[in-house]
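Asks: So the sequences go chain by chain: A and B. Just so you know, the UniProt record's numbering puts 22 at position 22 of the first sequence, and the rest follows in order with no gaps. Just so you know, the UniProt record's numbering puts 165 at position 165 of the second sequence, and the rest follows in order with no gaps.
The set of hints was computed from the structure by calculation and includes no laboratory data. In this text, a Cβ means the ideal position worked out from N, Cα and C, and glycines have one as well. Treat the hints loosely; a few may be bogus.
Looking from chain B toward chain A, a few residues come up when the C-beta cut is under 10 angstroms (computed) [to be verified]:
(1) Arg49
(2) Val127
(3) Val140
(4) Arg148
(5) Asp151
(6) Leu154
(7) Val158
(8) Phe215
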Amino acid sequence: MTFYLLLATALFLMALYGVFASRHLLRRILALNVMSTAVFLWLVTVARAAPGLDPVPHAMVLTGIVVTVSTTAVAVVLVVRLRASHRRHDLP
Amino acid sequence: MDALVPLFDALLGALLLWLAWQSIFAADLFRAVVSFMIFGLLMALAWVRLEAPDIALAEAAIGAGVTGALLLSALGRLPRERYAEAAQHILSHSYWLLFWAPVVLLAWFLWSLEAAPPSPPGLGEMVAIHQPAAGVDNPVTAVLLAFRALDTLLEIGVLLLGSLAIWSLGPSPWSTGPAMPSPALPAMARALFPAFVLVSVYLLWRGSHAPGGAFPAGAVMGAGGVLMLLAGARPWLTGGEQGPWRWLLTLGLGTMLVVASVTQFAGYVFFQYPSDWSGRLITLLELAAGLSIALLLFALYLGGQPPVRWRDRGWQ
Chain A
1 MTFYLLLATA LFLMALYGVF ASRHLLRRIL ALNVMSTAVF LWLVTVARAA
51 PGLDPVPHAM VLTGIVVTVS TTAVAVVLVV RLRASHRRHD LP
Chain B
1 MDALVPLFDA LLGALLLWLA WQSIFAADLF RAVVSFMIFG LLMALAWVRL
51 EAPDIALAEA AIGAGVTGAL LLSALGRLPR ERYAEAAQHI LSHSYWLLFW
101 APVVLLAWFL WSLEAAPPSP PGLGEMVAIH QPAAGVDNPV TAVLLAFRAL
151 DTLLEIGVLL LGSLAIWSLG PSPWSTGPAM PSPALPAMAR ALFPAFVLVS
201 VYLLWRGSHA PGGAFPAGAV MGAGGVLMLL AGARPWLTGG EQGPWRWLLT
251 LGLGTMLVVA SVTQFAGYVF FQYPSDWSGR LITLLELAAG LSIALLLFAL
301 YLGGQPPVRW RDRGWQ
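Turn these sequences into a full structure, and let the hints steer you where they fit.
Replies: Here it is as structure tokens:
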């Protein structure tokens, strides 16, 4: 399982860089989504170290996925409105 | 056979890294969004590999499906940028040290954590002991709707809050419909929609004893609604204050609150089910939550308050 922990770390760091370095807001939203997926991957992989199958982290990740899609939807609509009203797609 | 597993892992990991890189740094935004959708689908494979089929279902339906549809429709409404501008990154070289120093520190911390993993006690045993009292066979459903039902209540609250925020931003820009609907799309959507309904009902029914449940079911149903909207159908969901839609959107949260309060007044703790009724109550909550989640995801996709009356589309 070491492999999946390393994968989650690499995805997280890549996405963290993307959140800070991207100019286009839609790109930042994409990076945030990748970042949350990396966190979920980390959580489930660590939980597998416990003996037996632990359903609690699975339930937490399911909750997290739904919360992520809600925040993504609101953020995307805000970007579209920002573009329509201010003719820009990045933050000043 | 066992020799193939590390190979599969390595291939999956490499593809995931490449797709994540594409979705964050690709020059073309359309390419980035499509890469992200494929990333979600491959993540579903990774979840299956990690023995988390519930998450795999939710990731495939919500992570790849609904989020992808949201991002693509947003992309369609943003004017196409010149690639060079879209790919521009704002960190100049002098800031790289400021960024990379904490990142290297973090990587080292994670690496050391990985070298000596904290031995997690895990709650699997406790869940397995108490599961018969919950009245369902699927441990994830038991956690979601019996042991940690309060979390699920708040989660549906977040979904409702999200669509509330979106409705408050103004009318939905979707009232005009697609500019050039494909002639094949309406017929195909009509043929496919019953399959969407069937799959989501099956997932809902399955949730009590196997991977499935309200969230994947709601997501599949919501995706079916989005497909019908794209095919030019007039949605039932309207913004009228008198209509049943506001009630249906709050149905999941409302039912959970009613169940929680009634059990409290009946002499139990908040959200503690009477043990004879546990299975039936969970099924009721899943039904209400699934319907609500489907409509809430559809409302999120609309990107604004739907009009009181949808206008007729040109293709009809």
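Asks: Would you mind marking each hint as holding or not holding in the structure?
Replies: Each hint, compared with the structure:
Annotation: interface hint on Arg49/B holds; nearest CB of chain A at approximately 8 angstroms, less than 10 angstroms. The closest approach between the C-beta of Val127/B and any C-beta of chain A is roughly 5 angstroms, which is under the 10 angstroms cut-off, so the hint is satisfied. At a threshold of 10 angstroms, the smallest CB-CB gap from Val140/B to chain A is about 5 angstroms, leaving the interface hint in force. Because the smallest distance between the Cβ of Arg148/B and any Cβ of chain A comes to about 6 angstroms, under 10 angstroms, the interface hint for this residue holds.
Nearest Cβ of chain A to the Cβ of Asp151/B: about 6 angstroms, under the 10 angstroms cut. The hint holds. Against a cut-off of 10 angstroms between C-beta atoms, the interface hint on Leu154/B holds, since the closest Cβ of chain A lies about 8 angstroms away. Checking Val158/B against chain A: minimum C-beta separation of about 5 angstroms stays under 10 angstroms; hint holds. The interface hint given for Phe215/B holds, since its Cβ lies 6 angstroms from the closest Cβ of chain A, which is under the 10 angstroms cut-off.
Figure legend: structure checked against the earlier numbered hints; every hint is met.
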